[in-house]
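S.K.: One-letter residues, chain by chain:
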Amino acid sequence: MVQFRTFLASAALAALATSAAQAQEIIFLSTQLRPIEEATKVRQIILKGAPGTVTFVVEEPSPFQTRMDAETQAGKRTISMVGALHGELQPLVGSQGLEPVDDLATKARERGVPDGMMALGKLGSDKQMYIPWMQATYIMAAKKEALQYLPAGADVNALTYAQLRDWAKAIQDKTGKRALGFPAGPKGLMARFLEGYLYPSYTGGVVSTFRSASAETMWGEFKALWTHVNPNSTSYDFMQEPLMAGDVMIAFDHVARLKDALNAAPGDFVTFPAPAGPKGRGFMPVVVGLGIAPGAPNRAGAAAAIEHLLKPETQVIMAKELGFFPVVKAELPADLPGGIKLLAEGVAKTQDAKDALASLLPVGLGAKGGEFNKVYMDTFQRIVLRNEPVREVLETQAKALTAIMSETKAPCWAPDKASQGACPVN
Amino acid sequence: MQQSRFVPYLLIAPATLFLTLLFVVPLVQTIALAFSDGGAPSLGNVRKMAGDLNFGLSIRNTFLLVLTVIPLQLGLALAMSMMLQKISHGRDLVLWIWSIPLGISDLAAGLVWLSILQDRGYLNSLLFAAGIIEGPTNWLSYEHPISLFVGVVLAESWRATAIVLVILVAGLQLIPAEYAEAAEIFGAKPWTRFRKITLPLLKPSIQSALILRTVLAFEVFAVVYALSGRNYPVIVGEAYAWQQVNQNNGVAAAYAMLVMAISLVATLVYLRVLRVRPETQP
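If you read the protein sequences in the order shown, they are chains A and B. Numbers 15 to 440, taken from the numbering used here, label the letters of the first sequence in order. Numbers 9 to 290, taken from the numbering used here, label the letters of the second sequence in order.
The following block holds chain A by itself, in its conformation from the complex (with noise of 0.2 Å):
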């Protein structure tokens, strides 16, 4: 009977304290870190120091979007705080989804967050709509046994993208493998590929050169080098599959998606920047960022969470567990893992490059992101896949992509050349 009684105490006690710690809870939902290692590693690791009660829940996109928007129509909020890409968080701005975050931008400057990535966290708003909170960027990852085929007097840390067709074309002649692959899967990043690495290199624009005479050299050169790329690339969504089962030897992705793979042997592979053109080598920097929902249960919580999570050490754990780069200065230390490693110098190698170009993700499109991707792959498909002309092809699909600027109305971003009003398709 004592045992009982002492049991129900104790029983009372845990709701007690269940309930003051759901009091202060902040409720943290990401659509990044969904693997549930990497979000276990969040939860045990990166919001270990945190202060107050985070808890980490994780979303795909579309039912993030959908739990935000339904959270604001009921006026009843759970969430605090939220971290998405910068592309998932701008349709947030049109929905009342995100509280302006001023309060915390100083501080995150002070720690190092370069100025073109705040100004990218105001949404195209005068607020500051999230702070960034780490960072990625695309690359290409090799066997290192295809290296014996790259091109003579080719440097595979500088290809060009003649070189890297030679390459896959060596392979090809050597082995009879299309051995190079690319993400144009159904939820592959080829659209990524297309607007941040082809057309800034070949046209050193994305928008406003959109179907320049320069756009459509580089389709005939593109389609050329297609024919050495493995043809089960339109079913790859992440690069890390095709490169472990070996079915091709050179990809591009995302480096979260080619993680798996050089971790699983870092030994065997080779990281280095994607090609240049004519016109430099272009690259996508990609920007997670961190916002606070209006009427969060826990402000002060989330942001006390969020100046947790710049804290350089904090950041430089994130690299190391997580494959995701600092965006505060934070020193990278020499142990890291070895697929992580690979990652880091890949990333290094890109942003170092003598010629690279940054290529800003889409800004100022809203809900139109996706049918502004849609246009590069269509026209991707109809060029490479279905061999239509060119020329007709690009002056169709250029009518679609001035309807979604003129009636999103965004100014060119960079490297277009900025614009009064909407970027033009010249």
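If you're looking for bench data, these hints aren't it; they were derived computationally from the structure. There may be inaccurate statements among the hints.
[Stated by the list, open to error] Here's a subset of chain A near chain B, in silico, CB distances under 8 Å, partners left out: (1) D261; (2) L399; (3) N401.
Where is the CB? At the ideal position from N, CA and C, for every residue including glycine.
Guided by the hints, dock chain B onto chain A, whose structure is given.
M.R.: Chain B only, in chain A's frame:
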């Protein structure tokens, strides 16, 4: 007496309410979504859908698939159900095995066939071991539209023939044996008996099976998605892409309307063509 008039309505009320809430309301919302733009009535979404790169292709592909798969499944299911009639021992076991695919979800069925047909799949391993091919062959890439189509047809037939079979088997059991016996006495051959007796009496079941299968076949998605990704666009796949990838639920709703319209027309056609007059029923 007075009370009992309401009982039937009372009994169907829960089902009616349930369907109104979970079907009619979303349907009205989808119609509103498809035919409006920013709150105002508009045909913008429909125009965008009709002007889309994959619009014509997805319709062509869907119809091609339906027109190939449905007759194939009907033929197979008819043959299988007739064979079952002749089995006396272990009939239930055979029926049970044949209807296993019924219990498997579309996506899982797609993945099963993917593991068979992909580069390093069982089919390639088998052909390679038998010395027929020299290396992995890409049956499912955009470069081989025919083998891709055959793959999708195979998977779709494997997955959904069972439902037709089950309906036909149930229908066959309703046909009294006397008709066939009488015909046999008058010297009718098996093929004549099948054509003149079984088939006409089976018409109501065939009609139900065809309506069910055709409506579902127009909605085909998961199997195609698993096997081909974007390489074989179908109508529901386009609706999915507009919703999830292009993030435009207006155009996605327009595609949903299109599928519904096609399904409704197909149902009406079946009801008309396969009409069974009451006096011809057993």
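S.K.: Against the earlier hints, flag every one the structure doesn't satisfy and list their numbers going up.
M.R.: Those not satisfied come down to hint 3.
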